[in-house]
Amino acid sequence: MPASSVSESVAQSLSASLADVTEAVGRSVVSISGRRWPASGVAHAPDLVLTAAHAVNRLQEVAVSLGDVEIPAELVGQDPALDLALLRVRGAALEPARWRPSAGLRPGGLVVAVSRPRGSLRVRLGLLGGVGPAYRTPWGARVDAALDIEVSPRPGLAGGAVANVEGLLLGLLVSGLGRSRRMLLPAETLRRTAEELLAHGRVRRGYLGIGTQPVRLPAAVRSVAGRDYGLLVVAVEAGSPADAGGLTFGDVLLQLGATPTADVQDLLAALAEAPIGAPLILQVLRAGEVQQRSVTVGVRP
Amino acid sequence: MLLAGDWGVAGEVDSLEGARGAWVELPFDAVLWDAGHRPLLGEVPDMPPVVALVEDETSAGALLAAGVAGAVLRGVEPATVCAALWAVAHGLTVSERAFRRLRPAAELRVPAAPGDFTPREQEVLALLSEGLPNRAIAERLGISRHTVKFHVNALLQKLGAERRTEAVVRAARLGLVVL
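Chains as they are written, first to last, in the numbering used here: chain D, 1 to 301; chain A, 1 to 179.
Be careful, since some hints might not be right.
To be verified - The following label-pair restraints were derived from C-beta to C-beta distances:
| # | chain 1 | residue 1 | chain 2 | residue 2 | range |
| --- | --- | --- | --- | --- | --- |
| 1 | A | 74 | D | 243 | 53 to 61 Å |
| 2 | A | 76 | D | 200 | 35 to 43 Å |
| 3 | D | 239 | A | 55 | 34 to 42 Å |
| 4 | A | 98 | D | 239 | 18 to 26 Å |
| 5 | D | 301 | A | 116 | 48 to 56 Å |
| 6 | A | 157 | D | 165 | 26 to 34 Å |
| 7 | A | 154 | D | 91 | 45 to 53 Å |
| 8 | D | 15 | A | 157 | 51 to 59 Å |
| 9 | D | 150 | A | 66 | 30 to 38 Å |
| 10 | A | 58 | D | 301 | 29 to 37 Å |
Said to hold, decoys possible - Listed below are several chain D residues computed to face chain A (Cβ distance under 10 Å; list not exhaustive):
| # | residue |
| --- | --- |
| 11 | 33 |
| 12 | 74 |
| 13 | 77 |
| 14 | 80 |
| 15 | 81 |
| 16 | 82 |
| 17 | 140 |
| 18 | 206 |
| 19 | 212 |
| 20 | 218 |
| 21 | 221 |
| 22 | 258 |
| 23 | 259 |
| 24 | 263 |
As the list claims (entries may be wrong) - Here are a few chain D residues that sit away from chain A, every Cβ distance over 10 Å (derived from the structure):
| # | residue |
| --- | --- |
| 25 | 15 |
| 26 | 22 |
| 27 | 67 |
| 28 | 137 |
| 29 | 211 |
| 30 | 214 |
| 31 | 217 |
| 32 | 237 |
| 33 | 273 |
| 34 | 277 |
| 35 | 300 |
Treat the hints as calculated values from the structure; they're not laboratory data. Predicted model, so just to flag it, every value in this text is computed and none were measured. Quick reminder that beta carbons are idealized off the backbone N, C-alpha and C, glycines included.
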């Protein structure tokens, strides 16, 4: 019957394309060895590999492999807040992954999750289940898009690639939201973080040197402050940017740059974005008056 | 299934929705549900209370939050299952004593104060707030993973937190995390 031959050919061509995509993506997916649990990594440059930080933690010796040959790798740096690590494989000529930025992605497309646990190429088929706006991990790191991947988990997927059917990589699978909670880091986040790791060996986050507690402002100062909540400064590290900027115990931080600070998470988020070494205007409430102070953002130790 | 005492099995169905459907035809006092690995999608149907047989504490927490009246581990004695069914049929909520973190005591306890933490716990807290896993914290402080785990558990308990991220937020709100 014509109908069945048509569907057969569609199935065959789908099947063949998926195998082609897997093979193409697989050329950039390496195996990370040295740990009890198998993990994978993705070539970002001929001698650079991105992987999940939890896959290389504590390892004195990491090796990557595409097939049978293991090549020793060194840790360039890692960002535990994203669970992302960058490895350098000296002298390697890996095929860098082709990334697809998250901007303009639509949910519903087929994706493949390609990994190489313990050396053998593995693939899972799934859907791009949803595309959400940028968010922060609990540790304050910004992820440029919330890509929800409907793929059943399996060991060795950590550090694996998720690609569309054109063979372009949508992201890297890590567990930055806590143990065994997978998330996909989109291309923009990976590129930005890899640059930072190459330049500094870690992701530098802004630092003021204050410990704060969220407080509800007394009615009398709410109108002066223009808001209901602020962060009461309960500790100022000696010699810190905040110390140098004249902040003192008892000040109430109302705003950092353009960000109102009602809770410590606002502070964390504002500091993650703040350009290091640049002046930042703080609004503080002191003795019932709103004051402006300029502080040079430092690096979180 | 064998149940001791005055219990009788009203019927067996393959899902909670099935039980809801059966209830209309055939009244019963409680439902014993083998929750297994399957997540509960949505809320527990409106019917007599459900005791779930669970694999672990995490699923027990999720199911109790979703509205089951009891959660006991799979493989407990039939008498324990009966006790749980009896309790929920009388309007009580039951769970395993081993499910320490499900007890509401943490929320009723006086919140932690900044002075409650040892210097070592504060060091661990600072590294925890960077998102480091136990083994990396152990490496930085030059102590064993075991010791780190001990400190992290103490921090979770003192802060009344279930997860590390929650502990960090609570500690930060006490002014213990310098940003």
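Evaluation of the provided hints:
1. 74/A / 243/D: 53 to 61 Å: holds, 57 Å
2. 76/A / 200/D: 35 to 43 Å: This hint is violated: roughly 54 Å between Cβ atoms.
3. 239/D / 55/A: 34 to 42 Å: violated, 52 Å
4. 98/A / 239/D: 18 to 26 Å: violated, 49 Å
5. 301/D / 116/A: 48 to 56 Å: Violated, at about 24 Å.
6. 157/A / 165/D: 26 to 34 Å: Roughly 49 Å apart at Cβ, these two residues miss the hinted range, so it is violated.
7. 154/A / 91/D: 45 to 53 Å: Check passed, 47 Å falls within 45 to 53 Å.
8. 15/D / 157/A: 51 to 59 Å: holds, 53 Å
9. 150/D / 66/A: 30 to 38 Å: Given about 22 Å between the Cβ atoms, the range is violated.
10. 58/A / 301/D: 29 to 37 Å: holds, 35 Å
11. 33: violated, 17 Å
12. 74: violated, 16 Å
13. 77: Because about 13 Å separates residue 77/D from the closest Cβ in chain A, which is outside the 10 Å limit, the hint is violated.
14. 80: holds, 4 Å
15. 81: Check passed: Cβ of residue 81/D comes within 4 Å of chain A, closer than 10 Å.
16. 82: Hint on residue 82/D: holds, closest Cβ of chain A at ~8 Å, below 10 Å.
17. 140: Result: holds, 8 Å to nearest chain A Cβ.
18. 206: holds, 8 Å
19. 212: Holds, about 6 Å.
20. 218: At 19 Å from the nearest chain A Cβ, residue 218/D fails the 10 Å test, so the hint is violated.
21. 221: With Cβ-Cβ at 20 Å, over 10 Å, it is violated.
22. 258: It is violated, given that the least Cβ distance between residue 258/D and chain A is near 18 Å, above 10 Å.
23. 259: Nearest chain A Cβ about 13 Å off; hint violated.
24. 263: holds, 7 Å
25. 15: holds, 30 Å
26. 22: holds, 28 Å
27. 67: holds, 29 Å
28. 137: Answer for residue 137/D: violated, closest chain A Cβ roughly 7 Å.
29. 211: violated, 4 Å
30. 214: violated, 6 Å
31. 217: holds, 16 Å
32. 237: Contrary to the label, residue 237/D does not stay out of reach of chain A, its closest Cβ about 6 Å off (not over 10 Å).
33. 273: It holds; residue 273/D is separated from chain A by about 13 Å at its closest Cβ, greater than 10 Å.
34. 277: holds, 17 Å
35. 300: violated, 7 Å
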